[in-house]
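There are 2 protein chains.
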Amino acid sequence: VSRADRQGAALELALAAGAEVLVCADPANVHWLTGLVVEIETGPNPFAAAPAVLIAAGEPARLLAAEEDLPEDLEVRVEPLAYTGFSTGPLSGIGRARELAAGVIGGRRAAVDSAAARALVTAGTKPADVAAALVEARAVKDSEELEAIRKAIAVTDVGQERARAAVAEGGDELEVLAAARAAMEATAGERLPLGADLVSGPRAAAMGGGPSAHRPAPGELVLCDLAPRVAGTWGDSCATFAVGDPPAAARAAHGRVREALERAIEAVRPGAVAGAIDALTRDGLDYSHHTGHGIGSSFYESPRLVPGADTTLREGMVIALEPAYYDAGFGLRLEHVVRVTADGCEDLSTHRLELE
Amino acid sequence: VSRADRQGAALELALAAGAEVLVCADPANVHWLTGLVVEIETGPNPFAAAPAVLIAAGEPARLLAAEEDLPEDLEVRVEPLAYTGFSTGPLSGIGRARELAAGVIGGRRAAVDSAAARALVTAGTKPADVAAALVEARAVKDSEELEAIRKAIAVTDVGQERARAAVAEGGDELEVLAAARAAMEATAGERLPLGADLVSGPRAAAMGGGPSAHRPAPGELVLCDLAPRVAGTWGDSCATFAVGDPPAAARAAHGRVREALERAIEAVRPGAVAGAIDALTRDGLDYSHHTGHGIGSSFYESPRLVPGADTTLREGMVIALEPAYYDAGFGLRLEHVVRVTADGCEDLSTHRLELE
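Sequence order for the protein chains is L and B.
My numbering puts the first sequence at residues 1 to 356.
My numbering puts the second sequence at residues 357 to 712.
Hints listed in this document are in silico derivations from the structure and should not be mistaken for laboratory results.
Mixed in with the good hints there might be a few duds.
[As the list claims (entries may be wrong)] In silico EDC-like cross-links for lysine to aspartate or glutamate, where the CA-CA straight-line distance does not exceed 16 Å:
1) B/K507 with B/E455
2) L/K151 with L/E190
3) L/K126 with B/E455
4) B/K507 with B/E376
5) B/K482 with B/D642
6) B/K482 with L/E99
Keep in mind the model is a prediction, meaning the values are calculated, not measured.
Next comes chain L alone, as it looks inside the complex:
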């Protein structure tokens, strides 16, 4: 599957929704369709519109972006539609982006994938919404994506091992996350956007949260979920570490969550139904979130393993499996990422899941 094939498939979704032009500005879709890694860490760019892809039948795909957001070596089948974003002159980038988008869209009906895309469609009929359809289109990964996911998962493995060591060294929550992040960035060779839960003790019962200056006390568990974006592709991972001697209830819960993860890995295969895997994994545990979800150009993709989900798994899907158990005094979650193979699945994660 090449970028051109992906662009074609995405356009088909727009046409099926009754539109003539597809406008994508969700960073995940922009990455999937063009390879561009969109900067996200400091929030919406005040000087420019979010980079967007515009696709219509018989026309070159356009990548609408401020000059500073377009790398020189972008190796994609797109025609750049660049404008001045940041400058010492008047800051008119966002208005200019809207004008350029209007020039491409003309009077045609547009399909959009996000708020940022919707904002580029300033005239004409109400745009069609293809956000969910694009999530489904991205669900089965090609070899290029799988390679990128393997790299991202390898980065999370390094982060998990470093976090485990930092906990053993007596770090507080902030120090543990900082150590894990530094190790992951050293491995990747660059800064990484990072979704993370790093909470210990009773606070982890709320399923997650950001690190504080709390230094885990003996008997507490440290829940560590690391989801870095590596070259535009997200990894995901979770482990839970005991400090000192964990209480018997935590030990027992850990055994049950680990067994649940093993049940899930055993059950994932082409033809399996997402809701059924959710049910057999969740059995005997207590968590109110999903059992799993896809990852790739976004950190939350299809398939969703949730109660009642009727999605049938297909070869090439990549799924983060994360059963958990939350009690009044602790939170415990374990997460590995698997790839659906021809007759089962391959565990892509190598980080350890032991409590101690």
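Following the hints, position chain B against chain L.
Using the frame of chain L, we list chain B on its own:
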């Protein structure tokens, strides 16, 4: 100035633009109007619309947000308009947000501040754009904002000193930024979104960029710009550190940039014109970016100190001043943040500016 005053002032801008309802979803405006600190580090939320404030005359201000984005202790004069974002059920948060927004807006003309706000306005006449007007409204800081800015600047001061030490310890670019970040987060007691340039040697001639695994060699300069968001308010700072013995050209450039910063600080006062300060600071130097800019709920606010800018400085403005010099072999920038006082300015930054 209270939040209610800010909301009233913002509504006036919308009314002046011919609208009846103001819809703000820029994280900076949402923070300024309600105190809500919007999560930004992992990009657009796939489960919910960006938190938005809706204000109309004679009605309570509404804060439209997913339940998980609304803290329990939000102490603001707003009425929450909450919906389910993330769940194990169907993911319909963004659609639900649009419905709720439509219910408030009704058939009235809206004024918007961002792409995210524009996307919430799904019917009726073309919305008015008040983004630039709101930037101006935020330019003069009240005492509460000033206090928040002082805290953010104090965090940058810690980061700059730690970065200087990490360079002296022989760290590579990634290690230097990781050390600075960890020190800033330890000071703040929580994770911080971070805008940063951390580049050394010839690569710094391009004005900035992210850290790499490059270990600065003797004679190279390390350009370190740290802009963390602390409790919703941005700090900013820049220093440049020599490794070993800097070349004579770098030493001379450092002297000129430092003098330029001193000239700027000397000139900032109520009544001074932004473009004039830009000109007297830039004299004899070579940089193609602004001389300075406001900071606050966003990392780039009014006033902009750029060539020709006719903005008159007022007491209470807070300005990051950052003259620079870029040569083929190095980049050098120094940045302190000042507050415009009744008769001059107060330097809020304490980090050292020495090259060595």
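Checklist line | Pairwise hint evaluation, B/E376 against B/K507, where the allowed Cα distance is 16 Å at most | finding: violated, 36 Å
Checklist line | Hinted pair L/K151 and L/E190, Cα distance within 16 Å | finding: This hinted pair holds, its Cα atoms lying about 13 Å apart.
Check: Under the criterion that the straight-line Cα-Cα distance not exceed 16 Å, is the pair B/K482, L/E99 satisfied?
Finding: holds, 14 Å
Notebook entry, point to check: Within 16 Å, alpha carbon to alpha carbon, are B/K482 and B/D642?
Noted result: violated, 43 Å
Notebook entry, point to check: For the pair supplied as a hint, B/K507 and B/E455, is the alpha-carbon distance within the 16 Å limit?
Noted result: violated, 39 Å
Check: Taking only the CA atoms, is the gap from L/K126 to B/E455 under or equal to 16 Å?
Finding: holds, 14 Å
Of the numbered hints listed earlier, those contradicted by the structure are 1, 4 and 5.
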